[in-house]
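Line order of the protein sequences matches chains A, B and C.
Note that my numbering has the first sequence beginning at 0, numbered continuously upward.
Note that my numbering has the second sequence beginning at 193, numbered continuously upward.
Note that my numbering has the third sequence beginning at 8, numbered continuously upward.
Calculated directly from the structure, the hints in this document are not laboratory data.
One should not assume that every hint holds.
[To be verified] Which residues of chain A face chain C? A few of them, derived with a C-beta cut under 8 Å, are:
1) D92
2) K94
3) V97
4) P98
5) L161
6) K181
7) L182
8) L183
9) A184
10) N294
11) N297
12) T312
13) A317
14) M319
15) K322
[Claimed, not checked] Covered by chain C, per the in silico footprint, the following chain B stretches (three or more residues, Cβ under 8 Å):
16) 222 to 230
17) 283 to 297
18) 412 to 423
19) 444 to 455
20) 458 to 468
21) 493 to 499
[Unchecked claim] Chain A regions said to be covered by chain B (calculated; three or more residues, Cβ under 8 Å):
22) 28 to 37
23) 194 to 208
By construction, the Cβ of each residue, glycine as well, lies at the ideal position given by its N, Cα and C atoms.
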Amino acid sequence: MLKLTKMLATALPAALLSTAALADGETIAVFTKNQTNPYFQTVRVGADVAAKSLGAKVVHYIPTKPDSIPEQLSQIEDVIVKKPSAIVFVPVDYKAMVPGVEQINDAKIPVVNVTDRSAGGKFLAFVGADDYSLGLETARYLLKTMGGKGNVVILEGVKGSLTNIDRVRGFNDAIKEFKDVKLLASQPGNYQRLQGLQVMENLMQSHPQIDGVLAANDAMAIGAIEALDGANRKAQVIGINGTKEAVDAIKSGKLLASGDYNGFVQGCIGTMVAIRALRNEAIVGEVVLKPTVVNASNYKPYDVPLDARTCPTWEEAAAMATKTPTKTN
Amino acid sequence: MSVAGDISTGAPRLHLSQDMQQLLYRLLAAGLLCVALSIATDAFFTTNNILNVLRQASLLFFLASGLTLVILTGGLDLSVGANIGLSACLAATVIKATGSPVLGTLTGLTAGCAVGICNGLMVAKLRIPSFIATYGMLWVLHGITYYYMAGETIHGFPPGFRQIGSGYFLGIPIPVYLMVGFLVAGTLFAQRTVWGQQIYAIGANPVAARLTGIPVDRRLILVYAFSGAMAGVASIVFLARLNSAEGDIGEAMTLPAIAAVLIGGASLFGGVGSVFGTFVGALILTLVLNGMNLLAVNASWQPLVTGVIVIFAVWLDMVGRRRS
Amino acid sequence: MSDQALSSAPARLRIPAVPGVAVALAGLAVLFSALSPGFLTAGNLSNILVQSVILLLLALPMTLIIMTEGLDLSMGAVLTLASLVLALIVVSTQSLVLGLAGALGVGLAFGLVNGWLVSVLSIPPFVATLGTMGAAQGLALIVSDGQSVVGIPRFIRQVYSGEVAGIPTPILIGAGFYALFHVLLYHTRFGTYICALGGNRDALTLAGVKWKRLLIAAYMLGGAMAGVAALLMTARMNSGHPTAAIGMEFDAIAAVALGGTSFEKGNGWIFGTLMGVLTVGVLRNGLNLLAVPSSVQVACIGALVIFALFLDGMRSHKS
């Protein structure tokens, strides 16, 4: 028994030391919500690319239980002990993580808010997209393609999630602009592919004629497409996120369009802001990406694999700024 | 089952064994549910919807059938959901790399089975309680899957392969044929083979089973291997249906699968239950969820309703058994 | 007379020489101290203790319940619901006392239902608490409509982040309840009965003890502790959230099993549970400090659980 323990005691450090940070340049701690949603992977890769190009190091913190609030709070406490140079923060829940942000503020670590706008705490800057406009523009695109009339359904995301609230609001406002469009149902698919599929199947049972599907994210949109294919029915489907899978579906004509929710760029700019602030260079207070609807005519730039992408230059990022920085320390 | 004459009235009475009675009650319950739903909404009793229900139930059934064997021995397998995730991701990789759905399917089945064998070894040889062993395995599987997938998805499989999940044959979804196949095979195995009877014996009385010469350890490894292999089957059907692999496929299916087994009349103490009962349990659970969706019941009520049904089904079972 | 029959019932556990969990805890602590400079600081150790308290509050009553050959799968969901109820009450009445009463009420109510299902209807604990878990989860989603409940006055935060005589309040709360459970289990008749409920239920019946009420009490204790934990959780998040503690019961069960309490024989060891909880806390903290990738962390947690019980299995096999 002791032999086994001894073996592990020597093997483990060897394995772990290879991942232990040897700080050389700034260390940026990047917090994301979970390991499974591809969107956050794009944010992480964006952060990695930005840091590498600027000579800093990034360490990722992801809860072992997806979207776990207590775990992200614990990770913040543990990270504060390590004193990273700065933090790039995607809150698991934009309201419940406020005490965690306040702890970061108390520890005087500069922090940038990315993707979900936190309901409290002090940040160097916010980098995100405007979910409302994204929902609005993407929905408008679909409704125009439908000729301004027909039946639509909405597949909502996770209840209580900020992105969901804004996107669905955008959908609904777009629908109001088209008098001859009828909203048949609005059901949650929890941003999951399988649920999107099953909800779509059930909706197709209750409604024989569906012309358009507004899905709050690409996973659900793809799920809806699979459901339609399975039942040999046709409808125009849009999603949001602009993931690789969505781009492939647009290429093959199955998906009409996807709202570009560019996690890669958000990760880039968020990290760039953090590093520049540490180096006392000029930063911006807020970057809200303009809504872009990815469709069959403009998908080429989105078809580039993640590892081949480069971050926007600082000049490009600053040009997108929507607010001047506020003094936080 | 036997027909016996009643002396006083001279009318023949049908004697059904306990288990058969319970099964009939459950079928009755499923039937009543169908009737109720048909009345409540027009959308229920359409061909499309019935086929959908059967297809959704099949996914649950694949997982629950393997679990039934484990539960028959008095154990539990909490790792099946995570097993689906890993097996699906490995199968997807192979399909993409070799272009061969056959190789991919074999990979998925082998991976699921291998995980099951590990579980079985932990329970039988290392004597770790099944709850803990499979719970630990759940975490280990998730860790491996997340590491391997690194937050990405694998998507876009050959249309022939996708028929397994979303195709039809003679108007009936293919997963339903698979479900019937496994139902028949599982029932025959459990009721009519020596190994099946040995599994029941192990659950009913492990000590006695050992004393009568049943190779308990080998049978335990067998049931966990089955459970893992069925998770592998489920992962292939999932893959074919969803046309993509993500790290957390199947995550939410473990507890509903256990619920299906319990609703089907199996006892957690082992020795009681059947694959057919699990089939009915999976059907009942899927009918309820389908009904709630069709009636546009707020999704928040689903966990509550599922919970109440599980308790009610088990309670009815116990009341029924105690009466005779 | 009833005491005579019971005094021969084993009230203590035959603790193996060096339990698996002690090896794991000590080993991990040494490992992380060596690899990570920040690990052995007062601040970090204090963090580990504070982060472990909520899980400890669930694991303590879970130990008792497992000793009765039962299980409570509803604890995480009940904690979540209680935390929401507390948040809602505090937001509308500004009264912490009323909020706590609400949380305790929710916990006790679910505990009562659990206990009744298990003892009166004789439904297996796994099934009964699986059902009530679903009920609590559903209620949490319905009550909150899927959203966080915010607007909680700042002073509630003090319960989690405040200190008394330099010691963080949660640690005091945890220590207090640990002491309570220790006394309850080893120095009261209730504790003796609980031990007997696990291994020797017939003896209790013969002795005329109303064991059904004891069982109900055990589950209600679990529910009440979920209510207390809800206070800490709400204070920590400064909000109530409908999915905050989902799944925590499995962590609690794993911690209890890590600590050496057996599912089958009614042996229970509170100190083992404490070590189990701390081991998990140390592991997570250490891995975070070492910035180990999250996927590897997930696998390590599973490996720890299996490893510790494997050690125990080997030991009892040898003896």
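Against the structure, the hints come out as follows:
The interface hint given for A/D92 is met, as the beta carbon of that residue sits about 6 Å from the closest beta carbon of chain C, less than 8 Å. With 8 Å as the threshold, the beta carbon of A/K94 comes within range of chain C, its nearest partner Cβ sitting at about 4 Å, so the hint holds. Look at A/V97: its Cβ gets to within about 6 Å of chain C, closer than 8 Å, so that hint holds up. Restraint check, A/P98 versus chain C: the minimum CB separation of about 5 Å is within 8 Å; hint holds.
A hinted interface residue such as A/L161 counts as satisfied when its beta carbon comes closer than 8 Å to some beta carbon of chain C; here the least separation is about 10 Å, so the hint is violated. Annotation: interface hint on A/K181 violated; nearest CB of chain C at approximately 26 Å, more than 8 Å. Because the closest C-beta pair between A/L182 and chain C is about 20 Å apart, greater than 8 Å, the hint is violated. Given hint, A/L183 at the interface with chain C, is violated; its Cβ is 22 Å from that chain's nearest Cβ, farther than 8 Å.
Proximity of A/A184 to chain C is violated relative to the hint, the smallest CB-CB distance being about 18 Å (cut-off 8 Å). At about 31 Å, the closest approach between the beta carbon of A/N294 and any beta carbon in chain C exceeds 8 Å, and the interface hint on this residue is violated. Interface restraint check for A/N297: the shortest CB-CB distance to chain C comes to about 35 Å, outside 8 Å, so the restraint is violated. Proximity of A/T312 to chain C is violated relative to the hint, the smallest CB-CB distance being about 29 Å (cut-off 8 Å).
The restraint placing A/A317 at the interface with chain C is violated, with a minimum CB-CB distance near 31 Å, outside the 8 Å limit. Taking 8 Å as the C-beta cut-off, the interface hint given for A/M319 is violated, the closest approach to chain C being about 30 Å. Hint on A/K322 is violated. Least Cβ distance to chain C is approximately 24 Å, over the 8 Å limit. Residues of the segment 222 to 230 of chain B lying with their CB closer than 8 Å to a CB of chain C number 0, which falls below the three-residue condition for coverage.
Counting residues of the segment 283 to 297 of chain B whose C-beta lies closer than 8 Å to any C-beta of chain C gives 0; at least three are required, and the coverage claim is violated. Given a C-beta distance limit of less than 8 Å, the hint that chain C covers the segment 412 to 423 of chain B is violated, as 0 residues qualify and 3 are needed. For the segment 444 to 455 of chain B, the stated coverage by chain C is satisfied: 4 residues place a CB nearer than 8 Å to a CB of that chain, which reaches the threshold of 3. By the rule of at least three residues with a Cβ nearer than 8 Å to a Cβ of chain C, the coverage given for the segment 458 to 468 of chain B holds, with 3 such residues.
Here the segment 493 to 499 of chain B counts 7 residues with a CB under 8 Å from a CB of chain C, which clears the bar of 3, and the coverage holds. Given a C-beta distance limit of less than 8 Å, the hint that chain B covers the segment 28 to 37 of chain A holds, as 4 residues qualify and 3 suffice. Counting residues of the segment 194 to 208 of chain A whose CB falls under 8 Å from any CB of chain B gives 8; the rule of at least 3 is met.
Checked against the numbered hints given earlier, this structure breaks hints 5, 6, 7, 8, 9, 10, 11, 12, 13, 14, 15, 16, 17, 18; the rest are met.
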